[in-house]
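**Student:** Chain order of the listed sequences is R and Z.
Heads up: the first sequence begins at 8 in my numbering, then just goes up one per residue.
Heads up: the second sequence begins at 325 in my numbering, then just goes up one per residue.
Because the hints were derived from the structure by calculation, they are not lab data.
Only a predicted model underlies this, so the values are computations on that prediction, with no experimental measurement involved.
Yeah, the Cβ is synthetic: ideal placement off N, Cα and C, and Gly gets one too.
Certain hints may be false.
[To be verified] Per the computed footprint, the stretches of chain R lying under chain Z, defined by three or more beta-carbons under 8 Å from a beta-carbon of chain Z, are:
{"id": "1", "stretch": "52-61"}
{"id": "2", "stretch": "202-216"}
{"id": "3", "stretch": "228-234"}
{"id": "4", "stretch": "263-275"}
Each chain is listed here by its residues.
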Amino acid sequence: MALVALAVVMFVCSLIGTESVSLKAVFSGAGTQAAVNPDYQIFVQFRLPRIFLACLVGAALACSGVVFQALLRNPLADPYILGISSGAGLGVIIAVISGLDWMLWGRSPIAVFAFAGALGTVWLVWFIGRLTGKFHVTGLLLAGVVVNALFSAIIMFLTSIAKSQQVYATIFWLMGNMTEADFLVLWIGVGCVIGGILALFYISPQLNALSFGEDDARSMGVNIARTRTIAFAIAAAITAVAVSLSGLIGFVGLVIPHGVRLVFGPDHRQLLPLSGIVGAIFLVVADTVARIIVAPAQLPVGVVTAIVGGPFFLVLLVKYSRKVSWLK
Amino acid sequence: MSGIIKVENLSFGYTPEITILKDMSFEVQPRTFLAIAGPNGAGKSTLLNLLCGTLVPKSGTIRIDASPVESYSTEALAGKVAVVRQEFVPVFGFSVIETVMMARTPYYGPMGFESKADKKIVAEALEMTDTIQFASRPLGSLSGGERQRVFIARALAQDTAILLLDEPTSFLDLKHQVGIYDLLKTTQLEKGKTIVAVTHDINLAAQYCDETLLLGGPRSCLPFGGRQNRIRADSNYLIGKTKDVFSPEQIEKVFGVRIFAGRVGQEKFFIPLGKFAKDSRQISNKPDGSE
Chain R
8 MALVALAVVM
18 FVCSLIGTES
28 VSLKAVFSGA
38 GTQAAVNPDY
48 QIFVQFRLPR
58 IFLACLVGAA
68 LACSGVVFQA
78 LLRNPLADPY
88 ILGISSGAGL
98 GVIIAVISGL
108 DWMLWGRSPI
118 AVFAFAGALG
128 TVWLVWFIGR
138 LTGKFHVTGL
148 LLAGVVVNAL
158 FSAIIMFLTS
168 IAKSQQVYAT
178 IFWLMGNMTE
188 ADFLVLWIGV
198 GCVIGGILAL
208 FYISPQLNAL
218 SFGEDDARSM
228 GVNIARTRTI
238 AFAIAAAITA
248 VAVSLSGLIG
258 FVGLVIPHGV
268 RLVFGPDHRQ
278 LLPLSGIVGA
288 IFLVVADTVA
298 RIIVAPAQLP
308 VGVVTAIVGG
318 PFFLVLLVKY
328 SRKVSWLK
Chain Z
325 MSGIIKVENL
335 SFGYTPEITI
345 LKDMSFEVQP
355 RTFLAIAGPN
365 GAGKSTLLNL
375 LCGTLVPKSG
385 TIRIDASPVE
395 SYSTEALAGK
405 VAVVRQEFVP
415 VFGFSVIETV
425 MMARTPYYGP
435 MGFESKADKK
445 IVAEALEMTD
455 TIQFASRPLG
465 SLSGGERQRV
475 FIARALAQDT
485 AILLLDEPTS
495 FLDLKHQVGI
505 YDLLKTTQLE
515 KGKTIVAVTH
525 DINLAAQYCD
535 ETLLLGGPRS
545 CLPFGGRQNR
555 IRADSNYLIG
565 KTKDVFSPEQ
575 IEKVFGVRIF
585 AGRVGQEKFF
595 IPLGKFAKDS
605 RQISNKPDGS
615 E
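Excised from the complex, chain Z in its bound form (with noise of 0.2 Å):
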């Protein structure tokens, strides 16, 4: 079976000297949730535009549902690729239900208004995101954990196979954190997405998500080695089971911190130590730190 989403020889710069993202190439499998993890710069949110059409690859492609994703219209992609981005509230104080229906925009009527059918779809979203609760007060009301409900409902009522978000949980206390992507395991195992989240909580992405693509950064010299994914040996990222790439090894090199690791039944998790922790050098994994 051949990915949803196919990356072929990927690169990507702002500007003609400085390559971001350098030759890249990786599938996702439908039904799979991908976290993008890596440091500031590294070019997760770059992909993320690269993969919902934002932005212009370099070189190379990149197809959805095997056709390059420069060769859908507007309204095409959009029935394809859901995106969920960083906070945006506008200026004048729209409902959570007209948020919500604005996903069916390509899809109404000739005279601008929702079918039967919108109604339906966008009900199903709210109810799914438990945001039908406060579906008649404006966005600027609402915290910040149910106004990023909010914005998952659009993307569910988009009715998309696939869902991509920007750090999703930025901005979220533990519970809210917790909640979206329970939500969003949910919308996977449930309504069958391929879920593609960038994210700078690896606990989280170490919990939930069945793949994860750590990115280097330009500057990260690490090389990766291709042993998991026959990967280039001089790639500088690194795809593959999460749990398999999120190594105390991989993460200390990749931000440029010591970590703890520790487990507790089956979850790996990671704690970073700075400067001023408390007894760093015994409740370090690695004695020896790499500073």
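Same shape as in the complex, but just chain R (with noise of 0.2 Å):
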């Protein structure tokens, strides 16, 4: 059903566009040399691995969103709280400054930077949190504060030396958005997603006992080692492939769990396929905006995201709240 109605929504913003291209153009094939048909190459290369981008960073927030929700048993947590966007942020801004016009396989060396800093960022937090004691959630959320915050300060000095047009590549960047997409990279990418979103609705019923503390699912028979170390790296694998491949991305990972949470309860083997799906529906629709809106300008999706879902998602809680019980 779910999966239905993205195909859907896929099909219908592949259609939507500055330029209005025909279906049966596209079918006619690329063309030829001489005479290049504009319909097909549009359409290939620019919308299709758009939406599949989007789809993607969409899904992987969304899961990964309802995974550190449920690991630190916090309902503000979000794929960012723990570094991971700082971090890749800090990867972005030192490729950036140190003017790296080297090219690795072809490509801007970007993506590498940030998906370095981003899982590096992330391993700093764990790496701390275990000093503060045996898993301590509240001390793992601290120090993923606290580096958020050194990080960010750092980005603030390295934009405040930085020339005018490497702000505006970094601004860019952080604000996020689905420009850059080239098709190896994206089906890597997928493959990453769609792996680890698989290994996690593996873990999920262990997630739900683990939603109620450790010792209690422990007691239950969930070897808890395991499933945090398993839980807690592939959610950082997939966002830092996320952010590393369309910048930063607010509201989706914090969102999109939530809203699926009070629509179809909190059932983790239910809420982690929905959330993935509704999370690139989402994302899906809101980079169509962000295309449109302001043609032929594009708006970075990030915004779109903030100002389209943040009124959505308020309708639901106060729609649903009544019904359900962790608002009390």
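Make the complex out of the two chains shown on their own, each in a separate frame, by following the hints.
**Tutor:** Right, here's the structure in full:
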């Protein structure tokens, strides 16, 4: 059901854009070298990768939001809470400022720096969190918040000494965008994210038990250390993939899990796949809006997710909160 | 017949300097209802956490069904021992039936879903605890007593021989306190469970529990004599038949309060007397009270 909805949304959104595209023309093929078929080119080379990228990023952020909320037992948790965002941002600004114009297999190294920054920071936070005791949730959260603040300060410092063009590139990245999508990178990303989500689905019964606290989960026969490590590593990895491909898109990872939970309940076996699909739908729509609303210019999609998602979530919140206990 | 729980020379402390539990040895026979009582800080919950493997002894061993606790995998131990802890309501609104079903997590199929057998066990647990009537409501919407019954249902759905409870009746009113103990006693008698409950309520323990382990605490001074149970003379705990363990003298000594002990028919009861108790001199069972 939900997958069908996703397919429909992807199809509809692929037809919407500043240039109108006729499907008939698309199916007539790429055209010849001399007479390129513009419809085909726009559709296959620009729209489709972008829509797949939006799906990938939306699903990854929503699923890792679910996992972080469960692991930290905190409804305010999102994929960025343990420093992934600022770590990735730091990686990017270092790449930009150091004037890296070398190419990695013919691609800009920004994504690689973002990925390395994101994972490095999560590892740092996890490591500090462990020093505070046996996986103390509060210790981990505080370490995340402090590292986030520290890295944000460094980012601001670097921004203030950077040249204006570099600043623009960084800020555009920080706001999140879907413009850079290369087929090979995209398929690698899709593979990572789908694999990660399947693995998370596999441990979703254990995530349910973990919501009751570690002692309870253990006495119900859940191997805490294993579940926690797998969930944490995979959630961090798919977030890092999403962030390095699209920049910082806020809101999806926080709001989609809550929205799905409000409507369908908190059972992770259902919550996790549904959040992935709803997150994908949401980001495809938001990105379509970002493409067309100020055409021919484009908005950063992060702006759209917050502006569209915020009020929508508030409506859900008010409508369903009377039925749901965690708000009391 | 040897005990289903067997504790040998158990010592434990959270820091190397302070030992909370010192050289304890006791056995719990199958189908026994054992109370663990004692003042705050005596190590009641600590002992419970040792019994279910959450804490690891500093020295000594705890055997469940003849094998040391640490030799079990998490899954295997969850098939032997179920635990009801002091209330913890998760931030997300799981329903009653979802909560109880979680007890079956280790037995889910490869796709992570419950089997028919799991559903049957859960239905029985809901039935037995009388929680089936609100099975689809979220936990947060229940009263304290209802919620405690749900957690007991979850422990029953683990289908274990041993049930450990940490203060199952704190926060509950009189009716619900009695209700919980009735439920526990029923599972002991009908299902043949071995139940170990940490409790502050010595009167309920006296009414329902076959045996009692009274912990004196590290500062309590009071060596219990070994009269009843062949316990070494310098140990600071006492285990035995509840009626032997709960004497006014022992309770006064361990808790450091004056006690009025009375009897209605077969049931003994104990009332603590504070400084401002009216006519406390007259009703005290020990006029020369040991202040």
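**Student:** Against each hint, give a clear statement of whether it holds in the structure.
**Tutor:** Here is how each hint holds up against the structure:
1. Interface restraint, the stretch 52-61 of chain R with chain Z: violated (0 residues with C-beta to C-beta distance below 8 Å; minimum three).
2. Three residues within the 8 Å Cβ limit are the bar, and the stretch 202-216 of chain R against chain Z gives 7, so the coverage statement holds.
3. Beta-carbon proximity to chain Z at under 8 Å applies to 4 residues in the stretch 228-234 of chain R; the threshold of 3 is reached and the given coverage holds.
4. For the stretch 263-275 of chain R, the assignment as covered by chain Z holds, since 4 residues bring a beta-carbon within under 8 Å of that chain's beta-carbons and 3 suffice.
The earlier numbered hint that this structure contradicts is number 1, and it is the only one.
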